[in-house]
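Visitor: Top to bottom, those sequences are chains A and B. Residue numbers for the first sequence follow full-length UniProt numbering, so the first one is 1 and each next one is one higher. Residue numbers for the second sequence follow full-length UniProt numbering, so the first one is 1 and each next one is one higher.
One thing to keep in mind: the hints can contain errors.
[What the hints assert, rightly or not] Okay, the calculated beta carbon distance ranges per label pair: (1) B:Ala50 x A:Val26: 31 to 39 Å; (2) B:Gln29 x A:Val26: 24 to 32 Å; (3) A:Val26 x B:Ser640: 33 to 41 Å; (4) B:Lys739 x A:Ala15: 50 to 58 Å; (5) B:Ser786 x A:Val23: 53 to 61 Å; (6) B:Val743 x A:Ala15: 35 to 43 Å; (7) A:Val23 x B:Glu629: 44 to 52 Å; (8) A:Ala15 x B:Ile775: 16 to 24 Å; (9) B:Lys671 x A:Ala15: 56 to 64 Å; (10) B:Gly476 x A:Ala15: 33 to 41 Å; (11) B:Asp674 x A:Ala15: 56 to 64 Å; (12) B:Leu437 x A:Ala15: 37 to 45 Å; (13) B:Asn126 x A:Ala15: 32 to 40 Å.
If you are wondering where the hints come from, they were derived from the structure by calculation, not from laboratory data. Remember, it's a predicted structure, so these values are computed and weren't measured experimentally. From the three backbone atoms N, C-alpha and C, an ideal C-beta is built for every residue, glycine too.
In case you want the letters, here they are:
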Amino acid sequence: MSAIYGLLAISITIAIVFFVIFVLSVKKGQYDDAYTPSVRMLFDDELVDEEKKSEEKVEKKQKSSQSNHKHKQV
Amino acid sequence: MSKVESCYHCGDACSQFDILHDDKHFCCQGCKTVYEIFSENDLDCYYDLASAPGVTPEDIKGKFDFIDQEEIKVKLLDFSDGSTEVISLYIPHIHCSSCIWILENLNKLNPHIRQSQVNFPKKTINITYKNDGTSLKEVVELLTSIGYEPYISLDNIDKKETATDNSLIYKIAVAGFAFGNVMFLSFPEYFEVSEYWLDQYKFLFRWLMFAFSLPVVFYAGRDYYISAYKGLRSKMLNIDVPIALGITVLFLRSFVDVAFNFGSGFFDSLTGLVFFLLLGKFVQQKTYNYLSFERDYKSYFPIAITKINTDKTEENIEVYKIKEGDRLLIRNEELIPVDSILMTETCEVDYSFVTGEADPIEKKSGDKLFAGGKLKGQAIEIVAEKSVEQSYLTQLWSNDVFQKDYNPRFQTLIDKISKRFTITVLSIATTALIFWLFYQPNMALNVFTAVLIIACPCAIALATPFTLGNLLRIFGQHGFYMKNIISLEQFAAIDTFVFDKTGTISSSQKSHIVYEGEALTEKDLGILKDSFRNSNHPLSRQLYSFLNSTPTEEIDKFDEHLGQGITTKSQSNAYKLGSASFVEAEKEMINPTETSVFVQKNNKVLGKFIFDTVYREGLVELFEELDQEHKLVILSGDNSGEKQYLSKLLPKTIQMKFNQKPDSKMRFVEKLQDEGKQVCMLGDGLNDAGALKQADVGIAISENVNVFSPACDAIMSADQFKNFNNFLKVSKKGIFIIKLSFVFSFFYNAIGIYFAVSGLLRPVIAAILMPLSSISIVAFTTFATSYVSRKTLKSKD
């Protein structure tokens, strides 16, 4: 019998939680820029790649060119 | 000759120079330098994400010196706690994913930069840095050195806090949330089955619905009461009056129903109504992040300028602090901020910002320089005659037109209809009330409120926002950016079009070059091409790309005389290229109304290159079409040199006025309005700013919509100029669609009122009829506008 009270309470609480989450996300500016994050997301791979590459390059540079060393010091 | 390579960095053709570095071609030293910076810092990825994403960096020596001055810096920074500083900068060049990538990896180039984040749609970057290791000036110079020069203008200093207003979104969220929950709670009662279960719980359900409707009535629907109150106070029955009345009656009647156990109330209709209405408000606005319709001269003007003190020391001062008599130093590409007198011998000033005229104007010592011109060439010294606000150009903005926000002359379709609508509904309700008072008094109030509820003009209020909002979006996709739906509605009602000439009906970028005079030999042409290549004058550049000859590379001596021309020597031949006075041309050859470059060989004038204005594609057809139903006027700031040609080209009925000053353009528009005309002004430069603002609809034509255009109601991309009449046609059809939707919603209202008057309106009927009418209007307008614009706008593409 009192199950209906429990169910109502649960359904309304969940609805309110979603409502509050939505309002907070608008307030934090999540919808201000809807485009850039979609591009930014794809860069992660590039960055990982590039760190590896730069490690290799540093090794190479240490062996060979002096001018690059100078540049690093500056 | 081998095929011309395109630059690995910026994609321009390497025609003037071709530098080979790392097996890649570069068009100039600057592009190569940027490439070197990136490759040394392992940022080559920049070139993998998009091909040739860069731009040649500008030479900026000394340009940003002012930025480290404490008082200016404070105004620019978003945040500073002593060691960490945050700045937002607008960078017009941001255009691809490579840009985002390189700008968000700035810390690889300067380790003191903590974080940089790009907002692509707004073309801004937000940079956080530690100021013990670097400075704002260094950050800005770093950005500039890699080709991303931030645009810093007087506007940055005067920036008002433009916090984005999210209240409409919150209101929609509240209304939508309540609408969903109320629907869900009222559903059991729709079927009217009497069951133990229902009878037991319906009070709980009803009071919950009441609770949900409270925030809708008192928060989400607030604007309607305010607007209705304002309307009533100024003795106007606007559309919000019946809406506010409807919401109030709905709420009170439902409360009474629930409190006295008469029924379940109309909470579902109430929340749904407010939700749909707010949705309409949301749809009618379309913001273009990177466009601004509110710009004034401040967006063009620099923040600071170099002042020369009496003891010859240089100092950076804010432009607002320039006083009469101050001696100022203007460098190449810098803007002249105040009306002043030139002290240096000669200079060339580019007034394209102000007038749209592309060719620089030569000035001599003692000449008056008007604010707004851009210096081309060597640095000059000037003496200020006025302060910034009092200068000739900037004074325009102190005019009253710039103070008022909207145009009170214009009555929208909805304004016209809402008065009659409100009166009709009220009289039906009263008649019904009187009838039922005699017939069956206990039903009278019930019927009266039912009429007001069902006649609430939801569908009518939605027709305009959805029709015009959708058109606004479609126009935006086609390169015609309207400020808001009111401008669009006004645009459809225009009967007079006023065009500026230079830059509006003529292209300011392209010009048509013809040679007149004795024929030039192949060798002569080769030498000319060589000479023009060495000169940086805009006319020389145009001629360089115009001449198809092969450079001879036999130049022995080359001299550029600023503001006059070029002298070249090749073996025994001496050439002089430049203005009429420079080559001492005879009077018969000179035509003061045209732009030309004379060619003189061994003291004999051979001929001249004439730069003809190029009118925009489709101009003649457009004018002929518009001329059938509208009055057309051409207002030009130029001399009347082109008058004959234009009157031959265009329909006879067109009025033409030349030598118009900025304020006379504005007054001309005002005069037309006084004659009862609905005026649309099309212009491009700052000199049109007053007329654009004064006109009922001001449209700025822009070659590149990302570049600045004066304050206006709409911005149109120049390549869409030929489609202008199609946009007009579609807007007019849009108005017709709105009128059709009004007919539909009257039909719905008639059905609803039948139920209401006969005392049969049950909540379930209202709950079906009201959303049904709203949704069908939304669907109809959206479909109809898409169909109409697809048919009309695509046909010419």
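Visitor: Determine for every hint whether it applies to the structure shown.
Guide: Now the hints, each set against the structure:
no. : hint                           : in the structure
1   : B:Ala50 x A:Val26: 31 to 39 Å  : holds (32 Å)
2   : B:Gln29 x A:Val26: 24 to 32 Å  : violated (48 Å)
3   : A:Val26 x B:Ser640: 33 to 41 Å : violated (57 Å)
4   : B:Lys739 x A:Ala15: 50 to 58 Å : violated (40 Å)
5   : B:Ser786 x A:Val23: 53 to 61 Å : violated (32 Å)
6   : B:Val743 x A:Ala15: 35 to 43 Å : holds (39 Å)
7   : A:Val23 x B:Glu629: 44 to 52 Å : holds (50 Å)
8   : A:Ala15 x B:Ile775: 16 to 24 Å : holds (23 Å)
9   : B:Lys671 x A:Ala15: 56 to 64 Å : holds (60 Å)
10  : B:Gly476 x A:Ala15: 33 to 41 Å : holds (35 Å)
11  : B:Asp674 x A:Ala15: 56 to 64 Å : holds (57 Å)
12  : B:Leu437 x A:Ala15: 37 to 45 Å : holds (43 Å)
13  : B:Asn126 x A:Ala15: 32 to 40 Å : holds (35 Å)
Checked against the numbered hints given earlier, the structure breaks hints 2, 3, 4, 5 and satisfies all the rest.
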